[in-house]
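Engineer: Note that the protein sequences, when read in sequence, are chains A and B. Heads up, the first sequence is in my numbering, so the first residue is 1 and it goes up one at a time. Heads up, the second sequence is in my numbering, so the first residue is 1001 and it goes up one at a time.
Treat the hints as calculated values from the structure; they're not laboratory data. These numbers come from a predicted model, not from an experiment. Heads up, some of the hints might be wrong.
Unchecked claim - As a list, the in silico BS3-like pairs of lysine-lysine whose alpha-carbon atoms are at most 25 angstroms apart: (1) Lys97(A) - Lys1119(B); (2) Lys119(A) - Lys1119(B); (3) Lys119(A) - Lys1003(B).
There are 2 protein chains.
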Amino acid sequence: MEKRTRVILALDVTSSEEAMRVVGAAADYIDAVKTNWPLTLAAGPEIITQLSKVKPVVCDMKIADIPSINRLIVEQAMARGASAVICHGFPGEDSVKACVEASKGSVYVVTEMSHPGGKQFTAPIADRLAEIARVAGARGIVAPATRPERIAALRAIIGDLEVISPGVGAQGGKASDALRAGADYVIVGRTIYQANDPREAARQVAEEARTVE
Amino acid sequence: MEKRTRVILALDVTSSEEAMRVVGAAADYIDAVKTNWPLTLAAGPEIITQLSKVKPVVCDMKIADIPSINRLIVEQAMARGASAVICHGFPGEDSVKACVEASKGSVYVVTEMSHPGGKQFTAPIADRLAEIARVAGARGIVAPATRPERIAALRAIIGDLEVISPGVGAQGGKASDALRAGADYVIVGRTIYQANDPREAARQVAEEARTVE
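Chain A on its own, in the form it takes in the complex (with noise of 0.2 angstroms):
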């Protein structure tokens, strides 16, 4: 069994040759990937079934409908090799079960976004949405690493729930402040992908992440 770096590398790139090569560069020093829509469009749900093969893979579909459909879209992303799906919790308890139910508990629900939009809506009930997770048997929640503070509160709603947090690197969030924190695992894209040595750039990430507990 190999030892956990807790670094996810999100994969938000469009071309497959681009994500395969990422990927495999990182491999050593990464849990698992991420994957979102501009990926799955241009290269074909295939890559998901593709990148399964080498790590485990989280589909960041941001998935926001009415149950029935939530449920359809979850059941295709895990038919195609996904270990694990992203939901919002704003459609509401109904929509993130039927996500729950279809992933068998697999799923991580938004609870905060990071842009400046985010505090238009989804900020302010960010508590309620974290408790959504909880009830609704999720596997954990997403939260930004840009805002430790969050992390911890919001880990003290969902008590043993996993936390996965992007915004590390470009966006500004330190991998270190956010694990520190309460989150499971960071999510890392462009430090990684846009180096030119993934390899060493995950590694640097990984063995920031080492530094804590």
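Using the hints provided, position chain B relative to the given structure of chain A.
Structural biologist: Just chain B now, with coordinates in the frame of chain A:
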């Protein structure tokens, strides 16, 4: 120039063959088709291109990410042949603006959703979401046919933007009620694609729609 029927066919199916069969049968009585993520994941993004050769395609992606990712999603959808996309307003005005820019104004913003969970967080801010659609320069909004009184209220906020309205048929909404309340198009799914004769089912909806105005 064909006469508008004011009917959009919701292709909530998960196979390419089924999608093409239904749209082929109903083509004379619909103005556009609406695709969703389950179909895209099952059939691959090529289905958007295939369908666009028969009718304009509205990609109901319920886009709800940060601006930079929203932009990439919309660019990919348009590159595949989409005529319009559907995004959420709750991630904030900047996220909606990114969709507007990337689609050259061809985006519809979700205001209210018709499932029970939609009452928790979305319905209470529906008026503000409609206002964001107007200010951001969207093409229109999505508002439920099951609540014609809400269509009328939202219409008052958005002025001459378009209203497209799901929930007609199996979900309980009536096409003529929604159009009379101010919808420009009704979105019809199961009533057409689950019918023994999808062409006849589409004809009946279009005929009902013609009774309004």
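Engineer: Confirm or reject each hint.
Structural biologist: Each hint, compared with the structure:
no., hint, verdict
1, Lys97(A) - Lys1119(B), "15 angstroms, holds"
2, Lys119(A) - Lys1119(B), "20 angstroms, holds"
3, Lys119(A) - Lys1003(B), "44 angstroms, violated"
Violated hints amount to a single one, hint 3; each of the other numbered hints is respected by the structure.
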